[in-house]
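Colleague: Required output: the full structure, derived from the provided sequences and hints.
Protein chains in written order, with our numbering: chain A, 80 to 462; chain B, 80 to 462.
In short, the hints are calculated from the structure, not lab data. Do not rely on the hints blindly, as some may be mistaken.
[Stated by the list, open to error] Here are the computed lysine to aspartate or glutamate pairs in the EDC-like style, where the Cα-Cα straight-line distance is at most 16 angstroms:
hint: 1; chain 1: A; residue 1: 167; chain 2: A; residue 2: 185
hint: 2; chain 1: A; residue 1: 132; chain 2: A; residue 2: 113
hint: 3; chain 1: A; residue 1: 396; chain 2: A; residue 2: 423
hint: 4; chain 1: B; residue 1: 159; chain 2: B; residue 2: 206
hint: 5; chain 1: B; residue 1: 174; chain 2: A; residue 2: 387
hint: 6; chain 1: B; residue 1: 207; chain 2: B; residue 2: 182
hint: 7; chain 1: A; residue 1: 104; chain 2: B; residue 2: 96
hint: 8; chain 1: B; residue 1: 396; chain 2: A; residue 2: 294
hint: 9; chain 1: B; residue 1: 167; chain 2: B; residue 2: 182
hint: 10; chain 1: A; residue 1: 311; chain 2: A; residue 2: 339
hint: 11; chain 1: A; residue 1: 396; chain 2: B; residue 2: 113
hint: 12; chain 1: B; residue 1: 104; chain 2: A; residue 2: 96
hint: 13; chain 1: B; residue 1: 291; chain 2: B; residue 2: 209
hint: 14; chain 1: A; residue 1: 159; chain 2: A; residue 2: 209
hint: 15; chain 1: A; residue 1: 174; chain 2: B; residue 2: 305
hint: 16; chain 1: A; residue 1: 231; chain 2: A; residue 2: 259
hint: 17; chain 1: B; residue 1: 338; chain 2: B; residue 2: 206
hint: 18; chain 1: B; residue 1: 159; chain 2: B; residue 2: 209
2 protein chains.
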Amino acid sequence: MLMKYRLYTPGPTSVPEATLLELAKPVHHHRTADFRAMFAEVQSALQYVFQTKRTVFTITGSGTSAAEAGIVNSLAPGQKALCVVNGKFAERWSKVCGQYGIEHKDLKLEYGQGATAEMIANELKAEKFDAVILVHSETSTGTVSDLAGICKAVRASSSPDALVIVDGITSIGAMEFKMDEWGVDVAITGSQKALMLPPGLAFVAFSERAWKAVEANKSVREFYLDIKAYAKSIEAGDTPYTPANTLIEALGVSLKMIKDETIEGVCKRTGTIAEAFRQAMQAIGLKLFSSMPANSVTAVYYPEGISDKDFRGTLRKTHNIHIAGGQGTMEGKIFRVNHMGYTDVYDCLAVVAAIEFTLKKLGYNVQIGAGVAAAQKVLAELF
Amino acid sequence: MLMKYRLYTPGPTSVPEATLLELAKPVHHHRTADFRAMFAEVQSALQYVFQTKRTVFTITGSGTSAAEAGIVNSLAPGQKALCVVNGKFAERWSKVCGQYGIEHKDLKLEYGQGATAEMIANELKAEKFDAVILVHSETSTGTVSDLAGICKAVRASSSPDALVIVDGITSIGAMEFKMDEWGVDVAITGSQKALMLPPGLAFVAFSERAWKAVEANKSVREFYLDIKAYAKSIEAGDTPYTPANTLIEALGVSLKMIKDETIEGVCKRTGTIAEAFRQAMQAIGLKLFSSMPANSVTAVYYPEGISDKDFRGTLRKTHNIHIAGGQGTMEGKIFRVNHMGYTDVYDCLAVVAAIEFTLKKLGYNVQIGAGVAAAQKVLAELF
Numbered sequence: 080m081l082m083k084y085r086l087y088t089p090g091p092t093s094v095p096e097a098t099l100l101e102l103a104k105p106v107h108h109h110r111t112a113d114f115r116a117m118f119a120e121v122q123s124a125l126q127y128v129f130q131t132k133r134t135v136f137t138i139t140g141s142g143t144s145a146a147e148a149g150i151v152n153s154l155a156p157g158q159k160a161l162c163v164v165n166g167k168f169a170e171r172w173s174k175v176c177g178q179y180g181i182e183h184k185d186l187k188l189e190y191g192q193g194a195t196a197e198m199i200a201n202e203l204k205a206e207k208f209d210a211v212i213l214v215h216s217e218t219s220t221g222t223v224s225d226l227a228g229i230c231k232a233v234r235a236s237s238s239p240d241a242l243v244i245v246d247g248i249t250s251i252g253a254m255e256f257k258m259d260e261w262g263v264d265v266a267i268t269g270s271q272k273a274l275m276l277p278p279g280l281a282f283v284a285f286s287e288r289a290w291k292a293v294e295a296n297k298s299v300r301e302f303y304l305d306i307k308a309y310a311k312s313i314e315a316g317d318t319p320y321t322p323a324n325t326l327i328e329a330l331g332v333s334l335k336m337i338k339d340e341t342i343e344g345v346c347k348r349t350g351t352i353a354e355a356f357r358q359a360m361q362a363i364g365l366k367l368f369s370s371m372p373a374n375s376v377t378a379v380y381y382p383e384g385i386s387d388k389d390f391r392g393t394l395r396k397t398h399n400i401h402i403a404g405g406q407g408t409m410e411g412k413i414f415r416v417n418h419m420g421y422t423d424v425y426d427c428l429a430v431v432a433a434i435e436f437t438l439k440k441l442g443y444n445v446q447i448g449a450g451v452a453a454a455q456k457v458l459a460e461l462f
Numbered sequence: 080m081l082m083k084y085r086l087y088t089p090g091p092t093s094v095p096e097a098t099l100l101e102l103a104k105p106v107h108h109h110r111t112a113d114f115r116a117m118f119a120e121v122q123s124a125l126q127y128v129f130q131t132k133r134t135v136f137t138i139t140g141s142g143t144s145a146a147e148a149g150i151v152n153s154l155a156p157g158q159k160a161l162c163v164v165n166g167k168f169a170e171r172w173s174k175v176c177g178q179y180g181i182e183h184k185d186l187k188l189e190y191g192q193g194a195t196a197e198m199i200a201n202e203l204k205a206e207k208f209d210a211v212i213l214v215h216s217e218t219s220t221g222t223v224s225d226l227a228g229i230c231k232a233v234r235a236s237s238s239p240d241a242l243v244i245v246d247g248i249t250s251i252g253a254m255e256f257k258m259d260e261w262g263v264d265v266a267i268t269g270s271q272k273a274l275m276l277p278p279g280l281a282f283v284a285f286s287e288r289a290w291k292a293v294e295a296n297k298s299v300r301e302f303y304l305d306i307k308a309y310a311k312s313i314e315a316g317d318t319p320y321t322p323a324n325t326l327i328e329a330l331g332v333s334l335k336m337i338k339d340e341t342i343e344g345v346c347k348r349t350g351t352i353a354e355a356f357r358q359a360m361q362a363i364g365l366k367l368f369s370s371m372p373a374n375s376v377t378a379v380y381y382p383e384g385i386s387d388k389d390f391r392g393t394l395r396k397t398h399n400i401h402i403a404g405g406q407g408t409m410e411g412k413i414f415r416v417n418h419m420g421y422t423d424v425y426d427c428l429a430v431v432a433a434i435e436f437t438l439k440k441l442g443y444n445v446q447i448g449a450g451v452a453a454a455q456k457v458l459a460e461l462f
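Modeller: Given below as structure tokens:
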């Protein structure tokens with residue numbers, strides 16, 4: 080039976096057909112006026128998505144490359160960072176600090192808990208820091224932190240110039256994110272999340288404050304991730320090393336879709352779909368993993384007696400639907416569904432219905448349609 | 080008038096239509112048995128292209144990322160490298176050494192000159208080194224170095240265990256390259272050259288000797304380019320960070336074409352096309368830039384009175400053909416034409432004919448057809 084392939088992992092996410100077709104176009108060289116003009120448009124669209132007037136640098140690499148670039152260019156060994164550690168990606172940035180010789184205090188939260196302004200204010204009361212590093216939307220747990228509040232708390236603290244370094248990999252382009260207005264200092268994202276592109280590109284922007292730190296930082300020995308080389312090249316509309324230029328051209332197509340819908344429209348759609356999904360899961364008796372759920376990805380506890388292998392296996396085999404499981408210690412305990420990027424109202428209904436069918440098949444007592452109805456009730460707001 | 084777009088820059092190079100179509104397929108998640116099976120096939124095909132039994136690591140990034148990974152993982156600050164510096168890319172690897180604190184002696188050759196076994200033997204007579212770093216085929220000048228001879232010279236020297244670290248970015252998959260047989264220790268390449276893919280992936284392999292150095296090296300603070308993380312992940316058929324998975328899938332298509340043609344067949348085709356092009360240029364009175372020309376890319380001096388801007392501009396505007404100019408101090412003095420990858424006999428004739436038409440248009444005294452005839456004479460060997 081025909082069952083279309085549907086991808087609901089929180090990265091890679093679905094990519095629009097128009098963007099995919101752009102990727103199938105013959106490869107052009109990138110040191111041309113045409114490429115520079117296109118790259119300049121992409122730059123301006125990225126600034127719109129980041130809500131910043133600062134340059135957004137494009138790195139050919141995984142999101143991790145941009146996060147490392149953000150951290151090691153703006154901080155020097157011996158400086159001190161407060162790392163909010165509440166998930167797998169947060170743990171990674173703390174590890175980057177350690178490897179690079181940045182002193183770091185880890186503010187460990189339970190998985191599923193987000194950081195609040197109060198928590199950060201408390202930490203900054205006791206101790207001075209050069210930076211606060213956090214994940215805005217922790218993909219591994221589907222949890223949001225109060226980034227706007229945290230920025231305010233930092234500025235009002237006794238470390239008012241501490242850099243706020245933010246992994247926005249599953250928030251930028253999916254949830255409200257105002258780099259300049261909120262005073263985020265280093266903002267990081269990747270291509271395969273809300274930006275509706277395959278993996279391969281990563282992005283990082285620095286505030287004026289952070290850029291001063293970059294310029295003062297004499298400790299960078301990294302070559303590929305030395306952001307000063309990117310800054311120099313971008314003046315000529317270029318990248319320092321051969322970029323994944325076909326991905327950048329395709330990015331232009333996806334970013335135009337975001338601009339056409341407006342960033343507010345994208346965030347509203349994503350947020351409403353996320354809320355619909357959360358309501359649906361609760362309507363069929365499931366429990367959300369996070370106490371501060373993010374709108375980009377929802378993590379849900381498995382009910383008693385349902386195994387990850389059977390559940391996601393059935394979704395894959397019978398429904399041709401790919402969702403994510405839990406990572407690390409969360410493996411087998413939760414499943415995760417993406418709402419970012421190229422996801423519409425009916426994609427949301429499809430995955431809810433498939434979850435209902437699958438749970439019933441596996442013996443869980445679910446009233447078919449209850450989740451879908453709950454989702455529809457929320458989604459009706461959009462029309 | 081219809082003029083098809085033809086790309087002859089030495090990276091990005093043309094990509095086969097079948098590979099481009101693979102890029103237009105819907106994005107799948109990469110942590111699956113299907114992806115792992117495909118990645119294992121890609122791995123084995125990469126080993127075939129590198130002519131090695133060692134693991135070839137795939138990094139999402141520019142070629143520069145793999146070169147940096149190759150150097151900083153196998154050498155520690157304070158160790159000493161002999162860098163053959165004979166072009167723009169060679170200069171870059173010397174700079175990576177400097178930035179990372181690796182002592183390096185630069186063996187400076189004139190642009191267009193390649194390194195011989197004798198030169199390296201002489202250097203190693205006077206001084207001990209932990210590594211010799213060189214570019215097999217210097218893309219900026221179209222120059223080959225005698226890699227097989229240099230490997231032998233190193234082993235016969237008083238630094239017999241010096242690591243031979245080779246930028247094979249425009250040699251691997253285009254010219255004879257036998258990593259294991261020759262005893263290359265670190266071999267590096269990128270996706271957008273002979274491997275017939277858009278930019279975005281880079282590759283690095285380590286010999287047993289080099290891997291011992293990697294394991295002993297405690298100085299790596301780089302996170303994204305820490306190759307040990309890649310080694311750990313590849314045991315599970317994975318990459319440590321989200322890879323450009325659609326590029327990897329497309330790579331599978333291109334590598335299958337290489338396997339079908341055989342690596343010897345690919346190198347013979349590339350070499351014959353290069354020789355045909357060199358004969359053609361000389362037949363119309365032009366002079367080659369390099370005294371040791373590489374088969375992957377040919378650099379040619381402009382004749383008196385022909386400007387780079389007019390020449391390449393006319394090729395672009397009238398013929399829809401994109402070739403490369405010179406870089407750095409070579410700008411305006413040379414043009415460069417690619418022979419690697421998805422280039423056949425008739426692509427070679429087309430670019431020669433277009434060069435004839437363009438030179439004539441710009442007032443250079445050329446007998447139309449002389450270059451093409453010279454090329455055909457060489458190409459006839461292939462049939």
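Colleague: Run the structure past the numbered hints and jot down the numbers of the failing ones, going up.
Modeller: Violated hints: 2, 3, 5, 8, 9, 10 and 17; rest satisfied.
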